[in-house]
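Chemist: Below are the chains, spelled out letter by letter.
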Amino acid sequence: MVSEKDSLNIQVENRLEDLFGESETNSPAAAEGGDLEYYPFRILKSIVLSMDWEINDEVLNKFIEQIDGLKDAYKEDKILLLFLQILRSLGIYIKAKKGGAHPNAFKIINSVFIRLEKVVLSKNLSEDSKKKMLFAELSKFKELKVQIANSNTDSVRKKKAETEIVKKKKMPVATPVPATVHKEEVPVGLIASGTQDYDGKDIFTNAVEDIKNLIRVEFEALREELRLFKR
Amino acid sequence: MAFINMKKKEVQIKIVYYGPGRGGKTSNLEYIYKKFKERIQTEMITVKTHGDRTLFFDFLPFDIGKINGYDVKIQLYTVPGQVKYNATRRLVLRGVDGIVFVADSMVIRKDKNVLSIKNLEENLADYKKNISNIPLVIQYNKMDLAEQGIPVLSFEELEKDLNLVLKAPSFSASAISGVNVVQTMKKIIAMTIASIKQELK
Chain U
1 MVSEKDSLNI QVENRLEDLF GESETNSPAA AEGGDLEYYP FRILKSIVLS
51 MDWEINDEVL NKFIEQIDGL KDAYKEDKIL LLFLQILRSL GIYIKAKKGG
101 AHPNAFKIIN SVFIRLEKVV LSKNLSEDSK KKMLFAELSK FKELKVQIAN
151 SNTDSVRKKK AETEIVKKKK MPVATPVPAT VHKEEVPVGL IASGTQDYDG
201 KDIFTNAVED IKNLIRVEFE ALREELRLFK R
Chain F
232 MAFINMKKKE VQIKIVYYGP GRGGKTSNLE YIYKKFKERI QTEMITVKTH
282 GDRTLFFDFL PFDIGKINGY DVKIQLYTVP GQVKYNATRR LVLRGVDGIV
332 FVADSMVIRK DKNVLSIKNL EENLADYKKN ISNIPLVIQY NKMDLAEQGI
382 PVLSFEELEK DLNLVLKAPS FSASAISGVN VVQTMKKIIA MTIASIKQEL
432 K
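These protein sequence lines are chains U and F, in that order. Going by my numbering, the first sequence opens with residue 1, and the numbers climb by one from there. Going by my numbering, the second sequence opens with residue 232, and the numbers climb by one from there.
In short, the hints are calculated from the structure, not lab data. Note that beta-carbon positions come from the ideal geometry of N, C-alpha and C, so glycine has one too. Wrong hints could be hidden among the right ones.
Listed next, the in silico EDC-like pairs over lysine to aspartate or glutamate satisfying Cα-Cα at most 20 Å (straight line) [what the hints assert, rightly or not]:
#: 1; chain 1: F; residue 1: Lys268; chain 2: U; residue 2: Glu117
#: 2; chain 1: U; residue 1: Lys71; chain 2: U; residue 2: Glu17
#: 3; chain 1: F; residue 1: Lys266; chain 2: U; residue 2: Glu17
Simulated coverage check for chain F against chain U, where a stretch passes if three residues somewhere in it have a Cβ under 8 Å from a Cβ of chain U [stated by the list, open to error]:
#: 4; region: 240 to 250
#: 5; region: 329 to 340
#: 6; region: 347 to 361
#: 7; region: 419 to 426
Some chain U residues judged to face chain F by a derived CB distance under 7 Å, without partners named [claimed, not checked]:
#: 8; residue: Gln11
#: 9; residue: Phe20
#: 10; residue: Ser46
#: 11; residue: Ser50
With the rest of the complex left out, here is chain U:
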């Protein structure tokens, strides 16, 4: 005789089988990496996969270090070198900005790495297809640079305006975060710079530093690009 508990289990199993029943591969035991072919990008991949918002210097230094090693190993392959250069520039930018980095920078790191892997692993991929992939990522990267430049200009304007308001009113400005929402959980960029009394000179100096950094990164990438295509 089937007990009440068993009958319930059978009913649940049947219902779940009706809805989700299909050939599903069962779990393999954790594969051991012993007989694997050597894959030079595995450490870089592991770092890219592990990048998250709690980004720190240690992770980014490893990331840049890996790229430098790979650049050296692939110095004859212009396409791979450019992929690596884009990744490096993004790494330097994120290292400088950390949590304040433009959100698309993280997306582009992932997408550049996915294409880079395709180029490395697809043995039958033509040179033309590889170039197409590279240019697609290059254009995303350039678009990001424009977005960063625009957001820097916007933030300078916004901060200047805030400074003027603070100077005129000489009183704190309320932070527009609803009482029920934890301030730390509001997406970056949504919190207005509340009660802080800004010094216009500091804001300007910071903005100039930001722009300088951006120009430096851009020039570095351009120089590398030119150097590679001149070869």
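Fit chain F to the given chain U structure using the hints.
Modeler: Frame of chain U; chain F shown alone:
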């Protein structure tokens, strides 16, 4: 405790996918949704922003039909895994009936798994729930990365780190390719329904 409407003979069960950031919680739900959307006839609601990360939660509701005369409605949720979103995690855990802890098998994520399961324990305690008593399934995700030469922890190491005391049912999985995603979900649903039935006695 699940929401039970005796008049309508309806039970709503809340299952939360918990775990460290970028561990594959959203990928679990996405796989289920993409693969079975024709059968479950529902929409997955997801709030993604800031580099494609789950900022608030994902939500996948579906009906599994009648069990013991009751219409059973399942609601799958994920939480944001990043450390700083604890208030959101706590909020999503309110009224939870069953939990899938999605651990990241990569060696470099070892500590984050441990921190996350401790955080789960603390957040459940806020609701007077005990991690040892609540229906819980542990999934060791990203095992497929080993095939690409990326260092991952073995099933045994992960069990030792996360499941030595809890002794919860566990699966090694790959949410991206779907390995053991449905198995995990079936297990937690079955365990949760059995637990609710037990509580109602």
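Chemist: Now, for every hint given, state plainly whether the structure supports it.
Modeler: Results of checking the hints against the structure:
Taking the CA atoms of F:Lys268 and U:Glu117, the gap is about 31 Å. The hint is violated against a cut of 20 Å. A threshold of 20 Å between alpha carbons decides the hint, and for U:Lys71 with U:Glu17 the separation of about 51 Å lies outside it, so the pair is violated. Under the criterion of a C-alpha separation no larger than 20 Å, the hint pairing F:Lys266 with U:Glu17 is consistent with the structure, at around 14 Å. For the region 240 to 250 of chain F, the stated coverage by chain U is violated: 0 residues have a C-beta nearer than 8 Å to a C-beta of that chain, whereas at least 3 were required.
Proximity of the region 329 to 340 of chain F to chain U, defined as three or more residues with a beta carbon under 8 Å from a beta carbon of that chain, is established by the 4 residues found. For the region 347 to 361 of chain F, the assignment as covered by chain U is violated, since 0 residues bring a beta-carbon within under 8 Å of that chain's beta-carbons and 3 are needed. Counting residues of the region 419 to 426 of chain F whose beta carbon lies closer than 8 Å to any beta carbon of chain U gives 4, which meets the minimum of three for the stated coverage. Of the supplied interface hints, the one on U:Gln11 holds, with its beta-carbon coming within about 5 Å of a beta-carbon of chain F, less than 7 Å.
Here the hint on U:Phe20 is kept, as its CB sits about 5 Å from the closest CB of chain F, short of 7 Å. For U:Ser46, the shortest C-beta to C-beta distance to chain F is roughly 5 Å, which falls under 7 Å, so the interface hint holds. Among the interface hints, the one on U:Ser50 holds; its C-beta lies about 5 Å from the nearest C-beta in chain F, closer than the 7 Å criterion.
In summary, the numbered hints that this structure violates are 1, 2, 4, 6.
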